[in-house]
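**Student:** According to this note's numbering, the residues represented by the sequence shown are 2 to 374, in order.
Hints are computed from structural coordinates only; laboratory data are not their basis.
Hints may be right or wrong, so weigh each one.
[To be verified] Label-pair ranges, simulated between beta-carbon atoms:
1. 264 <-> 213: 46 to 54 Å
2. 269 <-> 159: 45 to 53 Å
3. 6 <-> 37: 20 to 28 Å
[As the list claims (entries may be wrong)] Listed next, the in silico DSS-like pairs over lysine-lysine satisfying Cα-Cα at most 27 Å (straight line):
4. 241 <-> 228
5. 371 <-> 38
6. 115 <-> 38
7. 328 <-> 60
8. 228 <-> 184
9. 268 <-> 241
10. 261 <-> 228
11. 142 <-> 44
12. 315 <-> 258
13. 228 <-> 268
14. 241 <-> 182
15. 349 <-> 328
Cβ atoms here follow ideal geometry from the backbone N, Cα and C, with glycine treated the same way.
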Amino acid sequence: MSSFVQIRRDLHQIPELGFQEFKTQAYLLSYLQTLPKERLEIKQWETGIFVRINGTNPKKIIGYRTDIDGLPIEEETGLEFHSKHETEMHACGHDFHMTIALGTLTHFVHHPIKDDLLFIFQPAEEGPGGAEPMLQTEIMKAWMPDMILALHIAPEYPVGTIATREGLLFANTSELFIDLKGKGGHAAFPHQTNDMIIAACSLVSQLQTIISRNVDPLDSAVITIGKITSGTVQNIIAEKARLEGTIRTLSVESMEKVKKRIEEILKGIEVGFQCEATIDFGVMYHQVYNEAKLTREFMEFVEHHTDVNVIECKEAMTGEDFGYMLKEIPGFMFWLGVDSDYGLHHSKLNPNEDALDTAINMICQYIEYKGNE
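Could you put the whole structure together from the sequences, leaning on the hints where they help?
**Tutor:** Spelled out as structure tokens, the structure:
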């Protein structure tokens with residue numbers, strides 16, 4: 002078994018939520034300490050890590066970013082190396098992402114190139130967002146890359162395949178939290194109450210009209226309410242209701258329009274159901290927008306100089322806070338095929354570990370090409 006497969010399995014067992022990745026950070030630092038230090042600089046930030054490999058004759062800095070956090074999901078894979086944390090799982094492949102970064106980093110520690118490399122181990126991608134605050138650190142400002150790349154596993158593609166595109170790859174995303182407060186009471190006397198379950202149900206239906214009637218049909222947007230919390234027992238009318246969801250749009254303008262319409266609909270809910278409504282848009286992630294020239298060059302390089310198959314894919318409603326880095330630094334993200342029967346954020350996600358070596362080898366070839374120009 003490859004040493005990097007073992008590293009992936011070690012990391013898979015210790016998933017941690019955003020800005021709580023203490024075991025993960027300790028594991029990564031422990032591994033980094035085993036590498037030769039002649040060209041290596043390591044700096045910590047919160048639960049994240051910056052690792053710089055100094056080149057032999059640098060003209061630029063090439064950045065590579067990986068996310069390191071897990072999700073609040075109870076794993077159901079049945080794997081021998083399943084999560085040791087009962088309510089947390091690497092269900093989005095960040096254990097794969099970290100392992101590939103370590104494999105690539107290790108190669109260039111032992112085989113330096115002309116240019117400097119910056120590896121960014123970023124916490125809190127799943128929330129509340131680590132990319133934007135990392136960009137604002139003094140470390141990042143001092144080591145700002147001239148270009149940057151990252152990957153995300155794709156269960157639907159086979160091993161040996163990558164997929165990406167110029168321009169928009171992932172959507173603008175925003176969290177959505179709505180609280181309704183009315184007047185509770187006995188189920189036998191509904192006329193003396195303001196039922197927030199009824200209000201919440203009506204609100205969910207009205208929110209979908211924003212997509213069908215306020216967004217250009219040639220554009221795309223999504224509002225999903227994934228959780229509703231309300232009520233206490235079967236014979237008490239609910240005084241409060243909380244709705245939790247997400248907004249996805251393919252343009253910044255559509256995001257602004259959707260948020261405005263949600264606020265307007267909530268004013269109507271307050272009047273119609275005689276209640277109070279508050280809204281919190283939580284964390285927003287900027288769209289992942291691939292720089293055209295670099296992306297096209299990368300796709301052509303992989304197609305002509307590696308054994309990996311390249312697919313030009315469509316944009317997706319996926320959210321990724323790597324978009325904040327691409328907003329400031331030219332670069333791109335791509336999908337890595339891992340051939341899993343279950344998708345991202347699923348409790349049975351089980352990526353094919355053969356994809357680890359495929360990704361490490363391909364990325365090393367590309368960075369060696371770019372770093373010796």
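**Student:** Identify every previously stated hint that the structure contradicts and give their numbers, smallest first.
**Tutor:** Hints 1 and 15 contradicted; others consistent.
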